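So the sequence lines, in the order shown, correspond to chains W and S.
Just so you know, we're using this note's numbering here: the first sequence kicks off at 27 and counts up by one.
Just so you know, we're using this note's numbering here: the second sequence kicks off at 27 and counts up by one.
Keep in mind the hints are simulated off the structure, nothing from the lab.
All of these numbers come straight from a predicted model, not from anything done at the bench.
Each hint should be verified, as a subset may be incorrect.
Taking lysine-lysine pairs in the PhoX-like style, the calculated list, with each CA pair at most 25 Å apart, reads [to be verified]:
#1 36/S to 163/S
#2 45/S to 81/S
#3 220/S to 186/W
#4 146/W to 81/W
#5 186/W to 36/S
#6 220/W to 186/S
#7 220/W to 186/W
#8 81/S to 186/S
#9 220/S to 146/W
#10 36/S to 220/S
#11 146/S to 220/W
#12 186/W to 81/S
#13 81/W to 220/W
#14 45/S to 220/S
#15 220/W to 45/W
#16 293/W to 220/W
#17 81/S to 146/W
#18 36/W to 163/W
#19 146/S to 81/S
#20 186/S to 220/S
#21 146/W to 186/W
In case you want the letters, here they are:
2 protein chains.
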Amino acid sequence: MTEPIRDTSKLCVHTITTKPWSIEEAIDNYAQAGIGGITVWRQWLEGRNPIHVGKHIRESGLTAVSLCRGGFFPASAQSERQQAIDDNLRAVDEAAALGAPLIVLVCGASPDVPLPEARKHIQAGIEAVLPYAGANKVKLAIEPLHPMYADSRSAINTLKQANDLCAAINSPALGVAVDVYHLWWDPNLEQEIKRCGASGRLDAFHICDWLTPTTDMLNDRGLMGEGCIPIRQIRGWVEAAGFTGFNEVEIFSNHHWAADQHDFLNKIIHAYLNNS
Amino acid sequence: MTEPIRDTSKLCVHTITTKPWSIEEAIDNYAQAGIGGITVWRQWLEGRNPIHVGKHIRESGLTAVSLCRGGFFPASAQSERQQAIDDNLRAVDEAAALGAPLIVLVCGASPDVPLPEARKHIQAGIEAVLPYAGANKVKLAIEPLHPMYADSRSAINTLKQANDLCAAINSPALGVAVDVYHLWWDPNLEQEIKRCGASGRLDAFHICDWLTPTTDMLNDRGLMGEGCIPIRQIRGWVEAAGFTGFNEVEIFSNHHWAADQHDFLNKIIHAYLNNS
Chain W
27 MTEPIRDTSK LCVHTITTKP WSIEEAIDNY AQAGIGGITV WRQWLEGRNP IHVGKHIRES
87 GLTAVSLCRG GFFPASAQSE RQQAIDDNLR AVDEAAALGA PLIVLVCGAS PDVPLPEARK
147 HIQAGIEAVL PYAGANKVKL AIEPLHPMYA DSRSAINTLK QANDLCAAIN SPALGVAVDV
207 YHLWWDPNLE QEIKRCGASG RLDAFHICDW LTPTTDMLND RGLMGEGCIP IRQIRGWVEA
267 AGFTGFNEVE IFSNHHWAAD QHDFLNKIIH AYLNNS
Chain S
27 MTEPIRDTSK LCVHTITTKP WSIEEAIDNY AQAGIGGITV WRQWLEGRNP IHVGKHIRES
87 GLTAVSLCRG GFFPASAQSE RQQAIDDNLR AVDEAAALGA PLIVLVCGAS PDVPLPEARK
147 HIQAGIEAVL PYAGANKVKL AIEPLHPMYA DSRSAINTLK QANDLCAAIN SPALGVAVDV
207 YHLWWDPNLE QEIKRCGASG RLDAFHICDW LTPTTDMLND RGLMGEGCIP IRQIRGWVEA
267 AGFTGFNEVE IFSNHHWAAD QHDFLNKIIH AYLNNS
């Protein structure tokens, strides 16, 4: 049985989890709560200098764990695919300025692009960005998304697909983000987590919970313990595969966003220590 | 390229697709529209004698393609699991009385039952029902459901899992129902359809479409052509695997149910002939 978590030093919170807070509020409140890390969503950098934000993060005692999100490569038009690549190059600049070692990729999908073609666009997009990422000491992490997002958010929907794509591209600057929300249902999950760890590509671990019923396909994720995902078991698999990084709480929730965010942050910490 | 469909002789409609209609209205309206088959949902038999319904179906020139739905085997309590088995035995009686050769299984899942355990419940439940089904010349068909239903509707979420389960149980009375809505995203779909056909277990083919955005996880399916599923391509795979049965239109849609059902049936036929 996986050991319980004893403290919040490896807890990382995504800025989107506490959506009502600005980047400054998030940094100050996470630090005050004793949280160890922050993953910054790009929207939170709008109108900010990422160098200053990175400095604020470090001076607050937090670690900048990753930048969310790159990707969104597939599109019918070549010009749109090039725009996506250009945007990912800018994301590399932002991550480097912020001091975040990793960009999480939501690879993209479109109802107008057949999945096999979308997967080619994704591979081509990643390959176009990787040299610049590597040169800037920023890794890219493919995050396989739940199959319910295969129409519009990601054509990479299982950890096996992500592992296969990493193996095909075979770059030291490319890895994988494992998110329990997207992958918990997969009967091959334990096996593919082992494979991911053995290849040295397991670079991020995201947690939250799956609610029954789920009332919104995007913004009805639960706090750890509110749903049916065996989070601790999956954390055990990830740790057995050699992962020693942060446990990142990434919750999109209209319900929790409507609450007092200080109360919500307390609940996150409680759920992290007891149900993760 | 898969040949277009030329007529409605192999079109089957599920009674739930035209939810506002009673079983009698569905039979009469499908027959009048020249549709070849009907799949009866069990709720439509409430207060009816299934022998009489079966007679009405045959006398209208329709084929009773299958009975929906058996399954729902997993539960924490043994007594509940036995109730599910008993209910499936009653479904066999109903299918036999109706003259339907197949029962589609929504295998079941529960947020209170870990997936590996739920899968054992499913196998045990199917094995408990199979002898009675076989003796009554009724086949059971495992329908793998989309992973977004893994919490509460089915712990069997890919065609590979369904094929593996069929291979493990290995009964001539057990097969598989392939539904494009649940499986279209799967990169192994073509390969597993081949495997399913080669094993002689490909017993049903369900069609509809995936809408972007999908606004309801259960009741926002689209008409063929309204979404992003490559239906004709998948039909080609199914036919190449030896399937010669009905193409069953199974659409749950608050939007379409609110419309005039005669108009909707005309749209189904148009979409069937042009986008399937």
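Take the C-alpha atoms of residue 146/W and residue 186/W, compute the straight-line distance between them, and say whether it is at most 25 Å. 16 Å, holds
Pair hint residue 220/S and residue 146/W, alpha-carbon separation not exceeding 25 Å: Holds, at roughly 24 Å.
With the threshold set at 25 Å, check whether the alpha-carbon distance from residue 45/S to residue 81/S stays at or below it. Holds, at about 21 Å.
Pair hint outcome, residue 293/W versus residue 220/W [Cα-Cα no greater than 25 Å]: Cα-Cα ~31 Å, so violated.
So if I understand the rule, the pair passes when the alpha-carbon distance is 25 Å or less; does residue 81/S with residue 146/W pass? Distance of about 53 Å is beyond 25 Å: violated.
Is the Cα-Cα distance between residue 36/S and residue 163/S 25 Å or less? 22 Å, holds
Taken at face value, is the distance from the CA of residue 186/W to the CA of residue 220/W at most 25 Å? 11 Å, holds
Is residue 220/W close enough to residue 186/S, meaning Cα to Cα at most 25 Å? Holds, at roughly 21 Å.
Would you check the hint for residue 220/W and residue 45/W, treating anything up to 25 Å between C-alpha atoms as holding? 33 Å, violated
Can the restraint linking residue 36/S and residue 220/S be considered satisfied, given a maximum Cα separation of 25 Å? 21 Å, holds
Within 25 Å, alpha carbon to alpha carbon, are residue 220/S and residue 186/W? With a Cα-Cα distance of about 21 Å, the restraint between residue 220/S and residue 186/W holds, given a limit of 25 Å.
Please work out if residue 45/S and residue 220/S have their alpha carbons no farther apart than 25 Å. 33 Å, violated
Hints 4, 5, 8, 12, 13, 14, 15, 16, 17 and 19 from the earlier list are contradicted by this structure; the remaining hints agree with it.
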